[in-house]
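Colleague: One-letter residues, chain by chain:
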Amino acid sequence: MSSLQYLSQRPFKFTLKGLLYFALLAVLLITSVLLKSFRPVVLSVPIALTLGFSSVFFRSTRVNVVRAVERSKVMPGEVVRVELIVSSSESCPLEVRDTAGGEVVEGSNIILLNLTGERKLDYKVRLPRRGLYNFGPTLVVYSDPMNLWENVVELGGRSEVVVLPELLSARGLKLGARYTGVWPGEVPSRRSGKGYEFYGVREYVPGDELKRINWRVSARLSKLMSNEQVEEKVTDVLIVVDAGVLGVLNSWEVWDLVDAEASLAASLAYSLLRTGNRVGLVVRARDSMWLRPGFGKRQLDRILYLLAGLEPGEPAPLDYALSMLTPYLLKPNAEFIAITPLLDSNVVNSILDLSPRYSILVISPNPLHGKTGAGYRALEVERNSLIVKLSNICRVIDWVPGTLLLRATRRGGRVGGAWR
Amino acid sequence: MDAIRSLEESVYVRRFVETVALVLWLTVSLLVSFGLLPVFQVLSTFSVIALVLALRRKLRKLLVAAVALQLPTLIMESISGDLLKASLSMLILIYLTELIDLCLKVKGSLDLGYFTAKLRQVSVVVALSSIVTVAVVLAATSFRVSLDFGSAVLLLILLALLAVQLSR
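Sequence order for the protein chains is A and B. Going by the working numbering, 261 is the number at position 261 of the first sequence; the sequence numbering is gapless. Going by the working numbering, 164 is the number at position 164 of the second sequence; the sequence numbering is gapless.
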């Protein structure tokens, strides 16, 4: 709940209705001049008097507004209830306009009321897609009886509601980082220890679990031998989201693509953070931003907040983001995940430069899937050639938004009609 | 339940005011255009049609058309008829326009208090204006006040300056 402070008072403004009344007065005067008669001017007397008396009755009072938004974090398509408590010490008819992000589905954010004491008002807003939605400021409009003048007072409290990206299932995504941390995780390290993958066989030492004893090898060597597994640890991951796609596709295609990229990045971050990894984020979009790798719920909140506000930007080379930021943010041999539609060959060159130093995974949401037409076809051919070029040096997952990521993971790196 | 009752109540009150305003507008139109050329009677009829359309379509902008269509008849009445009758007709038409505008503005609003408060304020403004109008018109008629070309142009310039200043 936020109390809205008196922010600013706009000057008295003449309304369109007031101007129309003035125009009527002018018409009557012009008619009098044209007809060379005094009589039509008499008609302007009642108009001028009503304008004058109406202005005399103008009243305003000090109003206090408190807004409470039901939730500050929601998923796309959810409905949020907004409550306004408007109070005043004096009775006054006024109009309250609350700036609402999203589509009002119940009640109204524009309310006419004769305020006496305190009034509680509410309306519901549907927030259709990912983004940062602002509620406020609240405008209180005072006017004279005939609405010829108005005085708008802006109450400057804003409430923000974050519509988070949809989370997808990111199961089955194997990381190949050679750098691992000290904590147990899910990334195979090059040491033996607790894990699932077979590493080797060594002589039994007291304390080994019985289920680890390799009976066949023990029988052959006439001494007890134990299986060893590859130890699984956590790693550092940097997720790079390339949303510089404006001008390449239609506007709705661009927004769908960026939504898919945000969902994918959020899902990966959620999945990786849950297993103890440190995750960082670099976003190249309308506003380029980055987050140093970190772990825990707070880091997830930070990542989700950045991704919720992700907006498509102009295409620009990724060189700076990749060659300057990556060594600063990510330890050598850690995991680098690039989420890019691969519509720009510069992205590929930047990734090629990084490949010797990091374990690279490229996930490419395909914005051209199911599109027909020569232009799309040419783009797709170009994109496929980039995927082939990249798949020689790193893992590439060609993912169709709306399908399971796991299915795309299984055919990772394969490009072309037969492989698709 | 209170909200629903309040909404029902406000709808009934609003519809009543709308109906009364429409009937009064029709009456004033007939009275003003009575005895004038048929073209003025046709224009008055059109103004009533514009008013009905404004109410049906909930278009406040059509009220401008209704007033504009009624204006030639009022001017004609002021030239050839009684000045007091013409100016009071103008005042009544302004009042009715304001009432219908208010009805259209508050459509969908739960608060009957706003409607009644504004209705009361507008009624007071028009009542005061009517008293002063009668006094001014009677005085102007008895003293045979007239307006020459120069004064009218001066008034127009002053009006324009005032409008420009106020609209800033």
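Rather than coming from a laboratory, the hints here were simulated on the basis of the structure. These figures come from a predicted structure and were not determined experimentally. Cβ coordinates follow ideal geometry from the N, Cα and C atoms, glycine included. Wrong hints could be hidden among the right ones.
Covered stretches of chain B, going by a simulated chain A footprint (3 or more residues, C-beta under 8 angstroms) [as the list claims (entries may be wrong)]: (1) 26-37; (2) 48-57; (3) 132-141.
In silico DSSO-like links for lysine-lysine, alpha-carbon gap of 30 angstroms or less [said to hold, decoys possible]: (4) A:K17 to B:K107; (5) A:K389 to B:K61; (6) A:K194 to A:K211; (7) A:K297 to B:K105; (8) A:K36 to B:K107; (9) A:K120 to B:K107; (10) B:K58 to A:K120; (11) B:K105 to A:K223; (12) B:K85 to A:K124; (13) A:K17 to A:K36; (14) A:K13 to B:K58; (15) A:K13 to B:K85; (16) B:K107 to B:K58; (17) A:K174 to A:K13; (18) B:K85 to A:K120; (19) A:K36 to A:K13; (20) B:K105 to B:K58; (21) B:K61 to A:K73; (22) B:K58 to A:K389; (23) B:K85 to A:K223; (24) B:K61 to A:K223.
Colleague: Does each hint fit the structure? Answer for all of them.
Modeller: Structure-based check of each hint:
1. 26-37: Not satisfied, violated; 0 residues make the cut.
2. 48-57: This one is violated; 0 residues, fewer than the three required, reach chain A with a Cβ under 8 angstroms.
3. 132-141: holds (count 5)
4. A:K17 to B:K107: 18 angstroms, holds
5. A:K389 to B:K61: 63 angstroms, violated
6. A:K194 to A:K211: 13 angstroms, holds
7. A:K297 to B:K105: Violated. K297 (chain A) to K105 (chain B) sits at ~49 angstroms, over the 30 angstroms cutoff.
8. A:K36 to B:K107: 44 angstroms, violated
9. A:K120 to B:K107: Given pair K120 (chain A), K107 (chain B) holds - Cα atoms ~20 angstroms apart, limit 30 angstroms.
10. B:K58 to A:K120: 28 angstroms, holds
11. B:K105 to A:K223: Status violated; Cα separation ~94 angstroms.
12. B:K85 to A:K124: Judged against 30 angstroms, a Cα distance of about 51 angstroms means the pair is violated.
13. A:K17 to A:K36: Satisfied, since the Cα-Cα distance of roughly 29 angstroms is no more than 30 angstroms.
14. A:K13 to B:K58: 25 angstroms, holds
15. A:K13 to B:K85: 34 angstroms, violated
16. B:K107 to B:K58: Roughly 9 angstroms separates the two Cα atoms, so the pair holds.
17. A:K174 to A:K13: Not satisfied, since the Cα-Cα distance of roughly 63 angstroms exceeds 30 angstroms.
18. B:K85 to A:K120: 47 angstroms, violated
19. A:K36 to A:K13: Roughly 35 angstroms between the alpha carbons, so the hint for K36 (chain A) and K13 (chain A) is violated.
20. B:K105 to B:K58: Distance of about 9 angstroms is within 30 angstroms: holds.
21. B:K61 to A:K73: Violated - the C-alpha atoms of K73 (chain A) and K61 (chain B) are around 41 angstroms apart, more than 30 angstroms.
22. B:K58 to A:K389: Violated - the C-alpha atoms of K389 (chain A) and K58 (chain B) are around 63 angstroms apart, more than 30 angstroms.
23. B:K85 to A:K223: 124 angstroms, violated
24. B:K61 to A:K223: Violated, at roughly 99 angstroms.
Hint compliance for this structure: hints 1, 2, 5, 7, 8, 11, 12, 15, 17, 18, 19, 21, 22, 23 and 24 are broken, all remaining hints hold.
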